[in-house]
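Enquirer: Required output: the full structure, derived from the provided sequences and hints.
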Amino acid sequence: GWMSANSGQLSAIISAVGTGAVFVVNVLLASAAFVTILRWHSEPRTSTLPGERFVGAMRVGWQHVMQSPRMKAVLVRIFFFFLHSSALLALLPLVARDLHGAGPGTYTLMLACIGGGAVVAALYFPRWRQRFNRDHFVIGGTLAHAVMSVVVVFAPNLWIALPAIAVLGMAWIS
Numbered sequence: 763g764w765m766s767a768n769s770g771q772l773s774a775i776i777s778a779v780g781t782g783a784v785f786v787v788n789v790l791l792a793s794a795a796f797v798t799i800l801r802w803h804s805e806p807r808t809s810t811l812p813g814e815r816f817v818g819a820m821r822v823g824w825q826h827v828m829q830s831p832r833m834k835a836v837l838v839r840i841f842f843f844f845l846h847s848s849a850l851l852a853l854l855p856l857v858a859r860d861l862h863g864a865g866p867g868t869y870t871l872m873l874a875c876i877g878g879g880a881v882v883a884a885l886y887f888p889r890w891r892q893r894f895n896r897d898h899f900v901i902g903g904t905l906a907h908a909v910m911s912v913v914v915v916f917a918p919n920l921w922i923a924l925p926a927i928a929v930l931g932m933a934w935i936s
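My numbering numbers the first residue of the sequence shown as 763 and each following residue consecutively.
All clues stand as given, with none of them false.
Cβ-Cβ distance ranges computed for the label pairs, FRET-style:
#1 862 to 821: 51 to 57 Å
#2 885 to 837: 24 to 30 Å
#3 778 to 827: 49 to 55 Å
Derived from the structure by calculation, the hints contain no laboratory data.
The structure displayed is predicted, hence computed values, not measured ones.
The beta carbon of each residue, even a glycine, is placed where N, CA and C say it ideally should be.
Expert: Below is the structure:
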């Protein structure tokens with residue numbers, strides 16, 4: 763239905779302007795961002811503390827993490843979350859290719875759904891934080907991400923995969 767029509771339109775636009783034009787637009791946007799960053803002037807902040815060398819600061823930070831059970835727990839959570847979430851992103855092109863009704867733009871659409879879900883979740887964060895504490899928020903987001911990853915991988919068609927991947931994007935940002 764609409765997915766194949768949108769994929770066809772996207773393919774028609776790319777074939778009309780050429781893939782080189784896509785890269786030119788990307789270079790122009792990256793250059794504009796680069797110029798904007800170079801022109802950005804922030805006010806220097808003065809500190810009453812003495813300066814610290816990079817290696818010394820890293821050593822102090824490492825010691826803090828090694829002596830803090832809470833920091834260790836956070837790093838373990840981060841490690842396992844990104845282990846399974848990066849696996850899905852790495853395999854997402856294969857998932858998109860094998861979905862029934864998928865076309866050339868399916869992978870891009872799936873990535874857009876992840877981003878769209880993350881934006882929607884960011885808009886709801888203030889409400890959710892009033893109802894849930896930080897641990898519930900992180901645990902719920904991690905579990906929702908894992909469940910939606912399984913749904914996306916085993917989805918028989920786009921009508922199931924796209925909403926699941928949007929929820930996955932919501933869970934990712936949490």
